[in-house]
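Student: Take a look at the letters that make up each chain.
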Amino acid sequence: GDDGAGGKRRIAVIPKGTTHEFWKSIHAGANKAGAELGVEIIWKGPQKEDDRDDQIKVVEDFISRGVDGIVVAPLDDKALAPPLSDAVREGIPVVICDSGVEWDGHVSFVATDNYRGGVLAAERLGTLLGGNGKVVMLRYQEGSASTMAREAGFLATVTGKFPGIDVVSSNQYGGATTESSYKRGEALLTAFPGVEGIFCPNESTTFGMLRALQDAGRAGKVRFVGFDSSEKLMQALGSGELDGLVLQNPFLMGELSVRVLVDHLEGRSVERRIDTGARVATRENMDEPDVKALLAPDLSAWLK
Amino acid sequence: MSGAAPVLLCMRGVKKSFGAVTALDGVDLEVRQGEVHALIGENGAGKSTLMKVLSGAHAPDAGTMELAGAPFRPRNPSDARGRGVAMIYQELTLAPHLTVEENVMLGREAARCGFLRRRPMRAAVAEALRALDQAEIPPGRKVADLGPGARQMVEVARALVGEARVIVMDEPTSSLSRQDSERLFAVIEKLKERGLAVIYISHFLEEVNRVAGRFTVLRDGRTVGGGALPGVAVAEIIELMVGRKLEEVFPAIPHEPGEVLLRVQGLEGEPLPLAAGFELRRGEILGIAGLVGAGRTEMLRALFGLNQVIAGRITIGGAEDGGAPPRRRLAQGVGLLSESRKEEGLALNLSVAVNATLSCLAPFARLGWLRRTRQARAASRWIERLGIRCRGPWQPVSELSGGNQQKTALARLLHHDVDVLLLDEPTRGIDVGSKTEVYRLMGELAAAGKAILFVSSYVPELLGVCDRIAVMHRGRLLKPRPAREWSDSAILDEAARGAAG
Amino acid sequence: MMAAAKQTAGEARRGRRARRVLALLGPFLGLLLVVGLFSLLAPESFLSAYNFKTVATQTVIVGLGAVGMTFVIVSGGIDLSVGSVIALASVVTALLLRDGRAPVLAVLAGVCTAGLCGLVNGLLITRLRIVPFIVTLGMLGMARGFAKYLAGEQKIDAPAYWLADLMTKSPQPGWLLVAPGVWGMFLLALFMGLVLRATVLGTHAFAIGSNEDTARLCGVPVAQNKVVIYALCGLFAGLAGVMQFGRLTVGDPTTAIGKELDIIAAVVIGGGSLAGGEGSILGAMIGAFLMSFLANGCNLTGVPNYVQEIIIGAIIVAAVAVDRLRHR
Amino acid sequence: MMAAAKQTAGEARRGRRARRVLALLGPFLGLLLVVGLFSLLAPESFLSAYNFKTVATQTVIVGLGAVGMTFVIVSGGIDLSVGSVIALASVVTALLLRDGRAPVLAVLAGVCTAGLCGLVNGLLITRLRIVPFIVTLGMLGMARGFAKYLAGEQKIDAPAYWLADLMTKSPQPGWLLVAPGVWGMFLLALFMGLVLRATVLGTHAFAIGSNEDTARLCGVPVAQNKVVIYALCGLFAGLAGVMQFGRLTVGDPTTAIGKELDIIAAVVIGGGSLAGGEGSILGAMIGAFLMSFLANGCNLTGVPNYVQEIIIGAIIVAAVAVDRLRHR
Ligand SMILES: Nc1ncnc2c1ncn2[C@@H]1O[C@H](COP(=O)(O)OP(=O)(O)OP(=O)(O)O)[C@@H](O)[C@H]1O
Ligand SMILES: Nc1ncnc2c1ncn2[C@@H]1O[C@H](COP(=O)(O)OP(=O)(O)OP(=O)(O)O)[C@@H](O)[C@H]1O
Ligand SMILES: [Mg+2]
Ligand SMILES: [Mg+2]
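As you go down the protein sequences, you meet chains A, B, C and D in turn. Number 232 in the working numbering belongs to position 232 of the first sequence; there are no gaps in the numbering. Take any residue in the second sequence, note its place counting from 1, add 304, and you have its number in the working numbering. Take any residue in the third sequence, note its place counting from 1, add 805, and you have its number in the working numbering. Take any residue in the fourth sequence, note its place counting from 1, add 1133, and you have its number in the working numbering.
Hints may be right or wrong, so weigh each one.
Here are some, though not all, of the chain A residues that point toward chain C, as calculated from beta-carbon distances under 8 angstroms [to be verified]:
| no. | residue |
| --- | --- |
| 1 | Thr157 |
| 2 | Thr159 |
| 3 | Tyr182 |
| 4 | Ala216 |
| 5 | Gly217 |
| 6 | Glu284 |
Covered by chain D, according to a simulated footprint, are these stretches of chain B (three or more residues, beta-carbon under 8 angstroms) [stated by the list, open to error]:
| no. | region |
| --- | --- |
| 7 | 556-564 |
| 8 | 573-585 |
Source of the hints: derived by calculation from the structure; they are not laboratory data. By construction, the Cβ of each residue, glycine as well, lies at the ideal position given by its N, Cα and C atoms.
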């Protein structure tokens, strides 16, 4: 746990995977904080995307390496607890970001309130549909905590607040890739031709469903709310093929995670729970500067 | 003594079919204690199949078997072996990654709680090898590192281990040197004295005449005759086998040597030969004799570009080079018939037509596209010409009997219309009738101006067919001499001892 | 004499055809069974022209991959890297499009990169004499890593131009009925089926798969043919990658993970033998459609994912088991 | 005469040993190279006792899987289902623990379920005579689907009791130094190494892989042995699954996807031949450690994931290429 070369502090930031835009934003945010605070950011995700065991290996290896602190977006709310305990035992403080973990040794938990994100989506969709119609929810993946919270928030709100809405399908999983979501989407649209509203809980399911809608010639005719952003989703929002995107603030998440960790290392007290907020981007508000910053953050300054 | 010995094994009305193919159609066989019983028949007559039924590798469709008076119906090979029937199969059946010791004891390992007891196993193996006069074969050597002769001996050793009452040998000498064959015959003699019965399958009738006391002839899956040996003329046995009289074993077809087609000077290959030089003329059949391991196969492979050429010059029809790949050789009009057709000679699950034309598809190809009708027609011509027994050009070769497979491989050289034929044991494993066919074919080819290099371990056929004969000894090719200057014993002498004088 | 020979040839041809038809009977019956079953379970949604269009489009990627894979499997090899190569091709195509290159150029670059991967596979297999399983397992990692490197570990958003139309279910001239990509797959499959059955290359592929030593002895340029075959498999993976890009309209370095197993399964269900020397393009297409219809039917009838996984696993085994029974 | 025989036997033994040592030289040098390289690149963090403990623990799952896989590969087969079976075993163990069963019982159930999968593999391969690639490809889907079904498509939280301690880097009696799971792996590897080399089962495995027809003709109960070997492979996958549960403390139906390829690679890097008849447990362990050290070193030195993927792919090919050179 000693200072590395040049006396700079080294902080490891461990995402769930490395190939999503979402994680790129977190990386950029962390780099920004690192540059401003003079600490070295080491970015390393699990070798296999979404593999719990591989993420544990990365945490273990950083303990071996003796970094000064770890920021981690845990792939599992239980499995990561033992290695994180090991880290604390070895004197390495841990900040959790994005998803929670059943373990209270952390310095702080910096994340979106995912359940609330689902609620926002339900409210947007319910309002658009005028409180009634057939709705489909395409789930993400078995056992993913953050998207399950969004799905739960959506379902609870849509059934609680809009009794006129009929959720005709909510048991299909899009799976990890855009391609698999695309196929599920095609099947859902074929099986439920009368569907009027759709919700997808993350970027890959949203994009897969969008492609299915475009291909079926129904994009823009079905009310469609998604989660997270990418260039193509932004275009779709602009063209009216998407009616809303619940946006998190991954850049801020990355930045704040590093900041609170450094605060902790320097002996300042920090908040145990930091909500980085969620809001709904629509065609109307997408040009407002703060929404635009969420939709299309300029990361190039912080990623080489 | 043969009359007095009791019957040890009795098979009656044994039938076996593979799908539409009837391999055995009611075979009777009686083997007495302490005798060597020869089983004779053409290729595809059903000899191997009968023995596989006996050893439990195939279940018979009908028929009864008795061993020492008790009904015998083995469930599998180990069951048969447990009850005293050991078998040496026609195709080598060794596991190349295992040691000699492990191969000999395979399936009958000594063990305590599943763990091997190497000491008694080693003793048993040493004992068996000693009985074969093969104590120099190291029991810890991997079989992959052994030569073909030694491998065959390992197979024999395997049959000797344990309490066998009947030992079946399916063409055991087809890959043995004369010396090793002699050793095997001595072993057979010893087994006979111990009261065992030996069933001996071979296409070499002289050999059969020497070792066997009685014989049974199979034709088309039926028993067609039998009797005591010696005392029956070879011609009679052949007539029983083939179903007709065979006028001449070596048909005389006149051919005249012409200009030199192939000249080899100082050829050295990896690993063999060490030195080989000869000239081969149009219309000439040059025979190569030698002991197993002398390097004849290696010489042909080096000539044909399948083995690396280290030194030497090869001149074919005026063009000279060192080594060249098979493709180039074929283009130069040189073709090779490999001695191991299963491993190297044929693509078994492909059709007769494809196998016969594979090396030369050009006549049917236009811009890479094949015209299959022409291909089939070409193949049919060779099927007819060589008398290949098959249902048509598109039948997979795997469904043909051994001799017919060999003919298919030969058809390829004929189709390719090569000028120089390198034939490596072309008659190995094929019956007398087919052999005569092959000899006639060789004569006709020579008469048509082809040059033939004929490698064989069967001296009579060399003497009967060749114009000149050379002997290979430990990787060196000795000077060729006209066939009439050779005798059986002279060839053997030179093969064993090198250059005479 | 001539007449006799002709007759033999005619009979022979009929015999060959009968054998081939029989070999395809198993998978074809399987396909009918699956289609029939779901037609009963979900008549109105499954049995629609629109759904058939959907399934056809969904089959394109596995179908194209299976065409190249058939050659590899017939020649006695295997290619585990196609999934990664598909991803690499889609990334390369997307990169060039993002940089404003012409779509034709981008497609060409994607396909060629994939062909290069196949070429490297073939060269490693023939030069170093390493079994295809290992070489292509290595390439699986290398191509995937390279795709991620090129893409900067991200999806690449790029304008899709007419590439997106390749995989649309409402193709532009209405008389096309199905996506141009589907037509492309069918035409290529037809052509390559002929290549496999009626060219020197095809015959050599069968010969190598059946007995490599024999092929060598017959002067078949074994190494050369293998290189061509693996390169071909790479090219088809590249085409599949371009189609994947057309479908997603993004270049995704993480796409098509595990797709190689689907592709191999399609070929094997269609009568390909991993021991070499057996296989057909038509069979592989039937295999690919069988798996697509199965997945589609399961999705339509709302069967949970896990049931679908179990069923597909069982079908793979069953299809080959039926094939073995036929062989006895 | 006796003396001569004895001498021959002695020589033979020495020869056999020399050959075996040589066969392991390649992978062992590879391992040393990797360790040496990273020791130079990251001396203080890589070359620590703590890091070696970490790597050892990380190797347990692949290591255990490789022990069973060695038997399968030596016998000329392949098992693609181990990854799925590991997941299934971890789910079954977790389910029983959640239901309040005794940990021993849960472990037993997990291991036995996995063994059952292996048994089914073996039976399908021998009864229906389908190639192992296809059977285990089918099982890959079926076991994964069944795991998801049992788990209700979710990970299963369960109390881990002493199972978590199996994979801890700070084992309870301090003199253990490494996790009990690591000791377990080493002991089992040692034992199974003996089984492979010095029992009838092991000899038969080699014989079947070397020449199956011969083995059959020599009275080796081929089918029986194969069933035992695949069941064994299943059992070891089950043990790996239990360890996976101990490590994650949740039963995860989506864990260990693609792990079969890592496990096969470990066996092959360690000198196993996919053609059968060659392979050793020690080699497989070396292969497993080589890959672990490589991944660990890459993590420690901050090498990006895609580079790591490329390197591992290249290493697999290179290891086997070196092995082939030795064989010439
Ligand atoms: N496994 C099999 N499947 C189909 N047909 C077979 C099989 N084994 C043998 N046959 C056929 O049975 C017949 C008898 O074959 P067998 O091997 O017994 O002949 P053989 O007398 O040993 O001939 P050779 O002298 O060539 O060894 C042949 O027509 C052969 O094609
Ligand atoms: N007992 C043996 N031990 C080791 N190697 C052997 C042994 N016998 C032969 N060989 C090897 O086999 C090769 C000779 O091959 P082969 O026996 O095919 O020669 P050949 O003269 O063509 O004999 P044949 O054609 O009768 O089999 C040589 O390279 C030799 O080293
Ligand atoms: Mg025979
Ligand atoms: Mg020879």
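Student: Decide, hint by hint, whether the structure agrees.
Tutor: How the hints compare with the structure:
no.: 1; hint: Thr157; verdict: 24 angstroms, violated
no.: 2; hint: Thr159; verdict: 19 angstroms, violated
no.: 3; hint: Tyr182; verdict: 7 angstroms, holds
no.: 4; hint: Ala216; verdict: 7 angstroms, holds
no.: 5; hint: Gly217; verdict: 6 angstroms, holds
no.: 6; hint: Glu284; verdict: 23 angstroms, violated
no.: 7; hint: 556-564; verdict: violated (count 0)
no.: 8; hint: 573-585; verdict: violated (count 0)
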